[in-house]
Amino acid sequence: VIYVVILLTLSGLFFLLVTTVGLLRLPDFFTRVHAIGKADTLGSMLLLAGLAVYNGLNVVSLKLLLILFFVLVANPAAAHALTRAGLRIGMVPLMRAGGGEPDDDAGWAPLSSGALLDRLPEPPSSESEPGS
Amino acid sequence: MDSYFIALSVFVGGLAGLSLYRSVVGPTVLDRMLGAGVIGSHGLLLMCLVGFVYERIDMFVDLAIVYALLNFASTVVVAKYFEHRTEEKP
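Protein chains in written order, with the working numbering: chain A, 6 to 137; chain B, 8 to 97.
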């Protein structure tokens with residue numbers, strides 16, 4: 006059991022390290038959200054699963070698994086909310102400057118402003134919130 | 008096993024401290040909120056690990072549930088606020 010715990014927690018720690026490197030080193034807001042939304046979720050889930058295996062089979066493990074499933078649902082939802090807010094306020098993701106071939110060395114440049122915003126659906130009017 | 012959990016806590020806390028860089032010098036507001044969300048997520052894990060070190064995990068796990076809820080709510084609320092604020096402009 007101890008080896009399973011150590012394997013799970015060390016792999017979770019590796020994914021948390023990947024998360025921090027991605028947060029510090031990636032060049033764009035959208036790439037950073039991309040790094041956070043998946044690697045942080047997987048690292049947190051692995052570490053919490055290791056702790057639940059170490060704790061054994063009781064109510065506290067059930068609560069740890071509850072936190073695990075909440076992280077599984079909430080962390081990508083938060084990343085999606087941040088990304089949608091970034092698109093709606095007019096941030097443009099980095100694209101290939103040439104626009105076409107993935108092999109050419111045209112470098113990275115922001116997409117021409119408005120080319121992506123035209124494809125978005127209209128934001129809902131703030132007077133009629135359906136969820137609240 | 009306690010020293011293993013203490014070492015794991017030190018590593019997770021160090022990663023949270025490195026994430027503070029993005030939250031301080033982030034170019035936009037949403038970058039700062041992203042860094043704050045990562046710090047909150049690492050603090051959640053740190054809380055569970057410290058609960059195992061102190062052998063009071065039955066108390067710390069309830070605190071961790073509340074902390075996860077607050078972290079998610081704060082991120083979504085800040086994202087919604089900055090999404091709808093610029094729509095008011097003519």
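None of these hints come from the bench; they were simulated from the model. Here a beta-carbon is modelled for each residue, glycine too, at the ideal position from N, C-alpha and C. Treat the hints loosely; a few may be bogus.
To be verified - Computed Cβ-Cβ distance ranges for the label pairs, DEER-style:
(1) A/R30 <-> B/F18: 29 to 37 Å
(2) B/A14 <-> A/A82: 26 to 34 Å
(3) A/V23 <-> B/H91: 17 to 25 Å
(4) A/I11 <-> B/D69: 25 to 33 Å
(5) B/H91 <-> A/Y8: 46 to 54 Å
(6) B/I72 <-> A/L62: 16 to 24 Å
(7) A/V9 <-> B/A14: 13 to 21 Å
(8) B/R63 <-> A/I11: 20 to 28 Å
(9) A/S16 <-> B/Y61: 23 to 31 Å
(10) B/G21 <-> A/V6: 37 to 45 Å
(11) B/V36 <-> A/Y8: 39 to 47 Å
Tested hints:
{"no.": "1", "hint": "A/R30 <-> B/F18: 29 to 37 Å", "in the structure": "violated (18 Å)"}
{"no.": "2", "hint": "B/A14 <-> A/A82: 26 to 34 Å", "in the structure": "holds (32 Å)"}
{"no.": "3", "hint": "A/V23 <-> B/H91: 17 to 25 Å", "in the structure": "violated (33 Å)"}
{"no.": "4", "hint": "A/I11 <-> B/D69: 25 to 33 Å", "in the structure": "holds (26 Å)"}
{"no.": "5", "hint": "B/H91 <-> A/Y8: 46 to 54 Å", "in the structure": "holds (50 Å)"}
{"no.": "6", "hint": "B/I72 <-> A/L62: 16 to 24 Å", "in the structure": "holds (19 Å)"}
{"no.": "7", "hint": "A/V9 <-> B/A14: 13 to 21 Å", "in the structure": "holds (18 Å)"}
{"no.": "8", "hint": "B/R63 <-> A/I11: 20 to 28 Å", "in the structure": "holds (22 Å)"}
{"no.": "9", "hint": "A/S16 <-> B/Y61: 23 to 31 Å", "in the structure": "holds (25 Å)"}
{"no.": "10", "hint": "B/G21 <-> A/V6: 37 to 45 Å", "in the structure": "violated (27 Å)"}
{"no.": "11", "hint": "B/V36 <-> A/Y8: 39 to 47 Å", "in the structure": "holds (44 Å)"}
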